[in-house]
Structures are given as structure tokens and as C-alpha cells.
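Visitor: Here is how the chains run, residue by residue.
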Amino acid sequence: KAGVTQTPRYLIKTRGQQVTLSCSPISGHRSVSWYQQTPGQGLQFLFEYFSETQRNKGNFPGRFSGRQFSNSRSEMNVSTLELGDSALYLCASSPGLAGEGETQYFGPGTRLLVL
Amino acid sequence: AQKVTQAQTEISVVEKEDVTLDCVYETRDTTYYLFWYKQPPSGELVFLIRRNSFDEQNEISGRYSWNFQKSTSSFNFTITASQVVDSAVYFCALSEEAPQGGSEKLVFGKGTKLTVNP
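Each protein sequence line maps, in turn, to chains X and G.
Number 54 in the numbering used here belongs to position 54 of the first sequence; there are no gaps in the numbering.
Number 6 in the numbering used here belongs to position 6 of the second sequence; there are no gaps in the numbering.
Source of the hints: derived by calculation from the structure; they are not laboratory data.
Since the model is a prediction, treat every value here as computed from it, not as a measurement.
Treat the hints with care, as some may be off.
[Stated by the list, open to error] Non-contacting residues of chain G with respect to chain X, defined by C-beta distances greater than 10 angstroms in every case (computed):
1) ASP22
2) SER95
3) VAL107
[To be verified] Short derived list, chain G residues pointing at chain X, Cβ under 10 angstroms:
4) GLY43
5) TRP66
6) LYS70
7) ALA93
We put the beta carbon where it would ideally sit given N, CA and C, even for glycine.
Kindly produce the complete structure, drawing on both the sequences and the hints.
Guide: And the structure:
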């Protein structure tokens, strides 16, 4: 079974621009979560999508948004980029079953550099 | 609030040594889940183990073993006879049961960078 895939793997943007990152979950998984990893703050939860609906949200500004499509693929968008948005963005998928602390399987990440 | 503490920032050992990575967690829930992930230089987080709060049985998987103690809120990870390929950053994470189902967010510790020297 193919793992979680993320595109692009590397991205360079300038301040003020916007960016869209893509994530394809493991086949059959309906939940997709996004995390930001920086040297200073570590791994932080951004949001989770299930059945095209945002189900959980972390403490990030509204510049960070996402969506999920009917095939469970997800995109994350960051508008008006700031230098501090430079990070590794990791996507994770899980089956999305009710009532369990499911294991999340991570993709290789997208490294975003904001200049 | 949930919190995960990995007090060891970096550990360096020589190949074949045993090494234990510490993890202490805080949660007010009675139902929760603990995880360990490995992050090699490539960046991808690799899942190692998941435990729920009702299962305190220790686990051994090859050279890896985990010691879960609710009394001390700890979930420590031991690598026996370490190898150079074990060099990576290891993360401990916590999630609580989600009322609406599904994964719920993972709260990660800061990670422990393990270097195994030949």
C-alpha cells in the first residue's frame, strides 16, 4: 500500500506571497492532519480534516487554512507569507474511525523557505 | 492541558550500547494514547509504537522495548545494542480520545536526538 505523499517536497517563496501544499493520504484513510515543524516551536498541530470537514484546529492564525476533497486528498494554504512560516510541513493520515486514538502515518513533508 | 516532556535533548552513544529515551506526559483524561515516532534526517516521521492508557504491559519488539508506567506518567523507550542506523530524532507524543471520533491532535515532545557512533 502506498504511503502518504506530499507535493511539492521543497518550496521557496517570498514574504507576502501565498502557497498551497498538497497531501494524498494512504488509500482508504479518510482523516488528514497537518503539522508544522520548526526548530524553535517543534511539532505543532495545525488542523485535521475528515470527510471534507475541518474537525479539529490548532492555534494558528487565519492565514493558515485547508480543505479536503471527496477523494480524501487535502491541501493546505498559507496566505501573506511571513519569514516565520519557514518550516517543514508534515501531513499525516489515519482511517478516521470513531472513538479511537488512531495511529497517524506521516508523509515526507514539504520544506518551505520564506525569503 | 496536555504536555509531553522529553528532558534529554541529545544523547550520544557508541554502537552496541543500550540507550533509554525518557518521556513524561501530563493529561487530565483517563483515556489517552501514547506514541513514539522516529525522524531520520530525511524528515519523515516513522511510527514505532502506540499504547492506550489502559494497557500498561511493557512491550518488546526486536531491539526496541517500551516501559509504560501510569504511576509516574512515563513512557520510556529503550534501544538495546544500538546501531548506527538508529541515529535519528525520536519523538514521544500524546493524544486524547476525541469525542467526535478520529485521531485527535498529537501533542509532541521536543524530541531527543540520538547519535550512535561506530
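Visitor: Evaluate each hint against the coordinates.
Guide: Okay, the hints, checked on the actual structure:
no.	hint	verdict
1	ASP22	holds (16 angstroms)
2	SER95	violated (5 angstroms)
3	VAL107	violated (7 angstroms)
4	GLY43	holds (5 angstroms)
5	TRP66	violated (14 angstroms)
6	LYS70	violated (15 angstroms)
7	ALA93	holds (8 angstroms)
The structure fails hints 2, 3, 5, 6 (numbered hints given earlier, in ascending order).
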